[in-house]
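With the hints as your guide, set chain B with the ligand onto chain A.
Chain by chain, the residues run as shown.
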Amino acid sequence: MTHTTASPSSPPPTVDELRAALLACLAPPANAWLDGALTDAAEAAAAPAGAPPGRALPAWELRFAEAGRRCGAEDAADQARVLLLRTARPDATAVARLYRQGTAAERRAVLLALDHLDLAPADGLALVEDALRTNDTRLVAAAVGPYAGRHLDAHAWRHAVLKCLFTGVPVDAVAALEERAHGDGELARMLGDYASERTAAGRPVPDDLSRVLAVAGKAEES
Amino acid sequence: MRIFDPHIHMTSRTTDDYQAMYDAGVRAVVEPAFWLGQPRTSPESFVDYFDALLGWEPFRAAQYGIVHHCTIALNPKEANDPRCVPVLDELPRYLVKDSVVAVGEIGYDSMTPAEDTALATQLQLAADHGLPALVHTPHRDKLAGLRRTLDVVAESALPVEHVLLDHLNETTVGEAKDAGCWMGFSVYPDTKMDEDRMVAILKSHGPERVLVNSAADWGKSDPLKTRKVGDAMLRAGFDEDVVDQVLWRNPVAFYGLSGRLDLERAEPADVQHEGNSILRGGE
Ligand SMILES: [Zn+2]
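As given, the protein sequences belong to chains A and B, one line each in that order.
FYI, UniProt numbering numbers position 193 of the first sequence as 193, with every residue one higher than the one before it.
FYI, UniProt numbering numbers position 93 of the second sequence as 93, with every residue one higher than the one before it.
Hints may contain errors.
[Claimed, not checked] Partial list, derived from the structure: chain A residues whose beta carbon lies under 7 Å from chain B:
1) P58
2) A59
3) L62
4) T103
5) D136
Don't read these hints as lab results, they were simulated from the structure.
All values reported here derive from a predicted model rather than from experimental measurement.
We put the beta carbon where it would ideally sit given N, CA and C, even for glycine.
Here chain A stands alone, though its shape is the one from the complex (with noise of 0.2 Å):
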């Protein structure tokens, strides 16, 4: 399985793009879904805000929900579940719905797309603390992306990276990595003792740990 891993150094690709570069991979009947997903999501978002009439769900939720089943491999369904939440622009309710009603892999697609959709950061860091509550590790890598790095306050951003050293999830998920934990102090104590934890337990320390200890432990430097 491969994630979508935050890259600090290169801007996040944009819908365009994005779509054009799913497109070249799916096979023609993906291709032609896709397309008519987009267009359903386009019109979603051309419309008046407003919960969906009865129980029916709107046309693009429901492209959102089978892009599994349609684009094949895993990574092809995440971005076109991004690519749909990019173009149908939901506002929080409707988010917050999408992922509390969605399966793992719907719930992995808002994470991603999170810091592109327009939401008050406490709308968006309701879910991604809510995926940093479980043990999914397809959750976990995808809450610590960019719009974590940017709203995750300092002691529930210590614990996310914890999080993933302890569930096996790579720091390379994490988001803004070396800005927020470069000197970080509480952070590097808490590395530490978790290393002296796995020391004496008879563990190997992850080298994961130790590398993200050496960035939190640059503070005097500085």
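Just chain B with the ligand, lined up with the frame of chain A:
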């Protein structure tokens, strides 16, 4: 021997079970939504359960190289509790999800009017969502229950070839076969079927449209019964191709009717290592 267990309640099983199943050849499972032993008292309790079948349980299975799909439904037992029945209104939003490959388990428990309504409603939901249906046959008064089930199926919009009748035995297999349904057999340590009786049924009725499952859950049950049936079949002279038909190709064909079965991921997993949250049993 590659094995697809088409009916097993992994929510009730341990990680040791997942490992033993993988070692025995199980690479795919379908977990039908069912009763949890402790009665539920509200639709919200179902919703959390359904979310687990679409979230945490597939993740757990994947750690052991097993692909997990599920079926979603209001089970017949709890269809009798008016506090639970409103969950029927929540089903449509679940029936569009990627890893939902059937409506189920539905069917009869005590053959009440409430069960009639729930069964007919959910057969219609299956037809509306392009899904097959996993229909459990009752433990008590089984033959009468089977006949009533077949009547309701015949009146429904769902073609009989999109119905899997489960928990069959010697007394019900004939009529299920004649009706044109898929036939499921649950092999249990003490009740339902055992390996040798299963082999005898395969000898007399053939392997076409036959699925074998462990139906393992929170009761006395054995998640390796599928493998034990495969071994018993080989001992009885069936060749490996027939074993593969019963234990892999038939469940793939039945749940494949949904168009949502994704077995691309049915490869040995190599994601398990020390420090993993599941091996440590959570935080
Ligand atoms: Zn069952």
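Each hint tested on the structure:
1. P58: 12 Å, violated
2. A59: 12 Å, violated
3. L62: 6 Å, holds
4. T103: This hint holds: T103 of chain A lies near chain B, its Cβ roughly 4 Å from the closest one there, short of 7 Å.
5. D136: 5 Å, holds
Figure legend: structure checked against the earlier numbered hints; hints not met, in rising order: 1 and 2.
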